[in-house]
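Undergrad: Given next are the chains, with one letter for each unit.
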Amino acid sequence: MNREPSITIDAELVPGVAPFWRDPEKRAIVFQVVALILVAFISYYLYSNTQANLERQSIATGFSFLDKEAGFEIGESVVDYSAADSYADALLVGALNTIKVSFIGIFFTVILGAVIGVARLSTNWLVAKIAGGYIELMQNIPILLQLFFWYAIFYESFPSPREALSPFSGVFLCNRGLVFAVPEAHAAHAAMGWAFVAALVIGWGLHRWGQRRQARTGQIFPSVRVAIVLYLTLPLLVWFIYGAPTGMNIPTLNGFNFKGGVTVSPEFSALLLGLVFYTAAFVAEIVRAGIQSIGRGQIEAAKAVGLNTGQVLHLVILPQALRVIIPPLTSQLLNLIKNSSLAIAIGYSDFVAITNTTINQTGQAIEGVALIMLVYLFFSLSTSLFMNIYNKKTALVER
Amino acid sequence: MNKTVNKTTSDPVDKPIIEIIKMHKWYGDFHVLSDINLKVQPKERIVICGPSGSGKSTLIRCINRLEEHQRGQIIVNGTELTNDIKNIEKVRMEVGMVFQHFNLFPHLSILENLTVGPIWVRKTPKKEAEEIAMMYLEKVHIAEQAKKFPGQLSGGQQQRVAIARSLCMHPQVMLFDEPTSALDPEMIKEVLDVMIDLAEEGMTMIVVTHEMGFAKSVADRVMFMDEGQIVEENNPHDFFDNPQHDRTKLFLSQILG
Amino acid sequence: MNISPHLSPRSGISAGWLRSNLFNNWYNSLLTIIILLLIWQLVPPFFSWAFINSLWNSPAVDCRDIDGACWSIIPQNIDFIFFGFFPEDQQWRPGLAMFLLLGLVFYSKDRNHWKKSLFVYWAINLVVMGTLMYGGVFGMPVVETAQWSGLPLTFMLALFGMVAGYPVGVLLVLGRKSRMPAIKTLCVVYIEMIRGVPLISLLFMSSVMFPLFLPEGVTFDKVLRAQAAIILFTAAYIAEVVRGGLQAMPRGQFEAADSLGLNYSQSMRLIILPQALKIVIPPSVGILLSAFKDTSLVVIIALYDVLKTTKVTLSNPKWANYSTEAYLFLALLYFVCCYSMSSYSRKLEKDLHTGH
Chain A
1 MNREPSITID AELVPGVAPF WRDPEKRAIV FQVVALILVA FISYYLYSNT QANLERQSIA
61 TGFSFLDKEA GFEIGESVVD YSAADSYADA LLVGALNTIK VSFIGIFFTV ILGAVIGVAR
121 LSTNWLVAKI AGGYIELMQN IPILLQLFFW YAIFYESFPS PREALSPFSG VFLCNRGLVF
181 AVPEAHAAHA AMGWAFVAAL VIGWGLHRWG QRRQARTGQI FPSVRVAIVL YLTLPLLVWF
241 IYGAPTGMNI PTLNGFNFKG GVTVSPEFSA LLLGLVFYTA AFVAEIVRAG IQSIGRGQIE
301 AAKAVGLNTG QVLHLVILPQ ALRVIIPPLT SQLLNLIKNS SLAIAIGYSD FVAITNTTIN
361 QTGQAIEGVA LIMLVYLFFS LSTSLFMNIY NKKTALVER
Chain B
1001 MNKTVNKTTS DPVDKPIIEI IKMHKWYGDF HVLSDINLKV QPKERIVICG PSGSGKSTLI
1061 RCINRLEEHQ RGQIIVNGTE LTNDIKNIEK VRMEVGMVFQ HFNLFPHLSI LENLTVGPIW
1121 VRKTPKKEAE EIAMMYLEKV HIAEQAKKFP GQLSGGQQQR VAIARSLCMH PQVMLFDEPT
1181 SALDPEMIKE VLDVMIDLAE EGMTMIVVTH EMGFAKSVAD RVMFMDEGQI VEENNPHDFF
1241 DNPQHDRTKL FLSQILG
Chain C
2001 MNISPHLSPR SGISAGWLRS NLFNNWYNSL LTIIILLLIW QLVPPFFSWA FINSLWNSPA
2061 VDCRDIDGAC WSIIPQNIDF IFFGFFPEDQ QWRPGLAMFL LLGLVFYSKD RNHWKKSLFV
2121 YWAINLVVMG TLMYGGVFGM PVVETAQWSG LPLTFMLALF GMVAGYPVGV LLVLGRKSRM
2181 PAIKTLCVVY IEMIRGVPLI SLLFMSSVMF PLFLPEGVTF DKVLRAQAAI ILFTAAYIAE
2241 VVRGGLQAMP RGQFEAADSL GLNYSQSMRL IILPQALKIV IPPSVGILLS AFKDTSLVVI
2301 IALYDVLKTT KVTLSNPKWA NYSTEAYLFL ALLYFVCCYS MSSYSRKLEK DLHTGH
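Residue numbers (this note's numbering), protein chains in the order written: chain A, 1 to 399; chain B, 1001 to 1257; chain C, 2001 to 2356.
With the rest of the complex left out, here is chain A:
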């Protein structure tokens, strides 16, 4: 409703009022009330049916089951877990597994997608065609089929641990998964981690200082090169200080399986490979479209001003390309998170899989499905929020 002004107007005439059944505002209210009543009615009908059915089948309601003992083992977990823990713990393990595969998946997808997207635009005909072929192939085969394929490769094509393939020393591929050596746990590692964080902070600080100096004196500070040197040398320095520990935790064959090292399960590997290869195809198209959205004139104008290739990239091309790339990119990465729910089909214990087991054991389907939807809604809505903020901040100012 528009606000009334504070100045008085003599003999104010308000437009006549219509009988309420012809007044659009009143009609709208009536319509909405009817719609809400209908929705309420249907909800009530469904609700009462559900109550009756739950009672008949002696299914409990409510979330008290979360405290009960789960009674099932979980194949792999980021945190410690045993069958004696509660359902809530089990669900947490599932959620962490989902986050694990999603984040690692997103990392590799963005890299692979960017590489293939750029390759698609290569001047080398072979490279461009192969990238294009990859994109078409991966986009047009359902992801579930791809997951089954990767899983079958692990379980059927890879031999048992005794005859494991070893492309490099210390790395083994077998039907128990990918097993590789890692540095033996040492105090130096934590310190190196902190050194890396310190490098980030110092690098950022130097970058800001360099920007200010550039504004004052015009001298350009090589932030990127300095940053790279910092990230590499500081942790290395710490490593030396701790006596340069080189102990490796090497997997060795012990009976029927490997002991030591890190094992990445076939389920995780198959899911990761499937998600990454599938989503990267879509990301590649997005990256390609983003790069192509930059008119040739932009590059020519930038070069005409005298900027070198690196500067053209970082001052002119990337900001504009990113604006076009980021919205659909977040959409695709969200799809990756949603697709990780297919883990259940190949036996990886993600959130959906564990909730499914919970539903099977407790019979409480409604609470289970509601939990699944809530968790994924959380991911989607936070991504939407981020997207809206990003769009507002980077929108081109137009008339």
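These are calculated hints, taken from the structure and not from any lab test. Mixed in with the good hints there might be a few duds.
List of simulated lysine to aspartate or glutamate pairs, EDC-like, C-alpha gap at most 16 Å [stated by the list, open to error]: (1) K2318(C) x E156(A); (2) K1086(B) x D2258(C); (3) K1090(B) x D2258(C).
These numbers were taken from a predicted model, which means no experiment stands behind them.
Since the structure of chain A is provided, determine the placement of chains B and C on it from the hints.
TA: What follows is chains B and C alone, placed relative to chain A:
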């Protein structure tokens, strides 16, 4: 302007076909139209001019309820414009509108553009609607394009079709919202000629335009609007030769060069 | 910045072409050499596995003796893979239904056929297909929906998901754009909720929750429940796509329709929607494509689409080792269908853009 048009001879005491009484409109806090009072007689031709943002387009869009007014009364052909849907529909049948950007329906042929209103609003049988449509297409000299689509026509042709489309509804009043502003210069004349023909046949017209030649030769009254108010109105002769207000003088000097 | 290479149509593969497209600078030359080496390493062994040492239609035992691919798994099991549990002697019915469907799809591709009569043809075709599948008339024994499996199930889930989902989606987006807060909120909540969750959760909902919603004694079979879930899912995505179309409509169109006196439903039906829906045809084909791929998810709720029938075939110990061959065949099948859909959509987009 080559044609001279007979000016309206209707008695000013006749019942006005449009009456606007103490009308105000706000967009949020912005007072876009203030204290508009206007009486339009049948067969009268009114030209409204003014700088952009003065509210002139908003004013005529209130007459066919494309915009809502918050205060005051608008009475068209005896029907008061309120929230009442029945009144709005009645008014829209009597008032035709021609837009700056033509707004023809690109997915319908020219003939279909003209018949959609009569068929669905006036419930005219299809054959009759098509006859009426062809008649008006002849009138605006564009009958041969009846089966074509808007995208195939030039701007001037499209605007003439738009005028014919409004005429097919047999309105009592025609509103024109800067009808030639989006046209290339060489097409302006063909549209203005059609509008002059309409005026000669006695159509009541309210035209928002910058075409001062048209105003001089066709209008019975010229109104100048600025900042939401009607600043000055007069017959064309006195309006152009003897503007009273400073704002009017400034505007005329800018537009007539 | 790299731009796509241009191939001059006349020269073909000549020395000049090679030089400008494969060896135009040092790193491209290096890449070309590496790629050619990789091809040399990988392609001949694959070729000999797939084509030279392979068997194409033999009993399972023979496959154990060969080094190559055992493609026989496909022809030997084709009835089950394609038609699942449909009674064997009646399998001509789904076969015919598929044939009719493909025929009509090809007919619809030509834009000259896009007239009102096309809707009629599709309506008739859907009824005929339904009758063929279900039976009960003309002496065809009834085959319950629970037995519909394999390819027909895949096509049906995708097709009906789209056909029924479209009107629901259009209603949703009209509700979302309305100015009535209650309607708008209901529609927005629905759309964002469905789009925010994975399809698998909706399929779970349909298979375990829907039965709880129904009064005692009333059952809907699993196929119909999954179909309902797919329809609800597709509708939300259609709503988003059509929203883009409506937003692209110039305001002047709404105003012209209003000023002629057309009411809301008339202006939507005659003026706005015909234009908006035409704009969003290409992304709509994209949604159909996704729906088609997503039907494979019903594997997880134990419905027998073509992916599940293949898996079941593989669970037979005779054929268990030949999953690669089976999956490659399925991949080819999906690829052919999906690629044609997506390249058609691209062509359509180009045509609609350059047309008036």
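Undergrad: It remains to establish, for every hint, whether it holds in the given structure.
TA: Against the structure, the hints come out as follows:
no., hint, result
1, K2318(C) x E156(A), "15 Å, holds"
2, K1086(B) x D2258(C), "14 Å, holds"
3, K1090(B) x D2258(C), "12 Å, holds"
Of the numbered hints listed earlier, not one is contradicted by the structure.
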